[in-house]
Amino acid sequence: DIRMTQSPSSLSASVGDKITITCRASQSINNHLNWYQQKPGKAPSLLIHGVSTLQRGVPPRFGGSGSGTDFTLTISNLQTEDFATYYCHQTYGDPWTFGQGTKVEIK
Amino acid sequence: QVQLQESGPRLVKPSQTLSLTCSVSGASINTGTYYWTWIRQHRGKGLEWIGYVYFNGGTYYNPSLRGRFSISMDTSRNQFSLKVNSVTAADTAVYYCARIYGDYPNWFDPWGQGTLVTVSS
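Heads up: the protein sequence lines correspond to chains W and U, in order. Each residue of the first sequence is one higher than the one before, counting from -13 in the working numbering. Each residue of the second sequence is one higher than the one before, counting from -6 in the working numbering.
Pairs of lysine-lysine, DSS-like flavour, derived with a Cα cap of 27 Å:
1. U:K6 with W:K28
2. U:K38 with W:K28
3. U:K6 with U:K38
4. U:K38 with W:K93
5. W:K28 with U:K76
6. U:K76 with U:K6
No lab work stands behind these hints, which were simulated from the structure alone. These numbers were taken from a predicted model, which means no experiment stands behind them.
All chains, please: the whole structure from these sequences, using the hints.
In structure tokens form, the structure reads like this:
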């Protein structure tokens, strides 16, 4: 299985901050990398697919980049509604796997 | 707008079969080139992909799971289902259904709200 390792596992930030979450795959996954946001008690929702394509309706303060094995999710000008857990997800190797999640908390 | 909704028993006894249904609105599950999938999330843990059913009824499962899972579709009701045989406490989780979008690469969107299933006697 392709192991997806996110770092950090959690972070504290303030409204207005810029944060970066890293996702590293145990082998190359080409551009088959997605990001989801999950709020407590809710289902994950798609933020970004194919490394950097924002899902319709996702604010442009969210951005994704990377290639091969190393990927990042960046949130600029952090807003109150962005405090949540974020998961990366690869659909290149079988089985499809997720990172363990990064919890973004209010400082 | 495509919406998915999981339903089924919230409590299942050990060794029995867990059965869940995902009702889809806003799209027909047997048209187009969509896949329909199940994912689960153990309490406080990450996400585990279970498998999918294709619009023509074909299925594929996470090979890392131990073959107790079965996904099927009921086109007359526009639903697809998950069965997990011989459940144990380790199958206690929130189960989500979702549509798989894209054509390699793929992504999951939208998701159902999820349903917590507890395995306990």
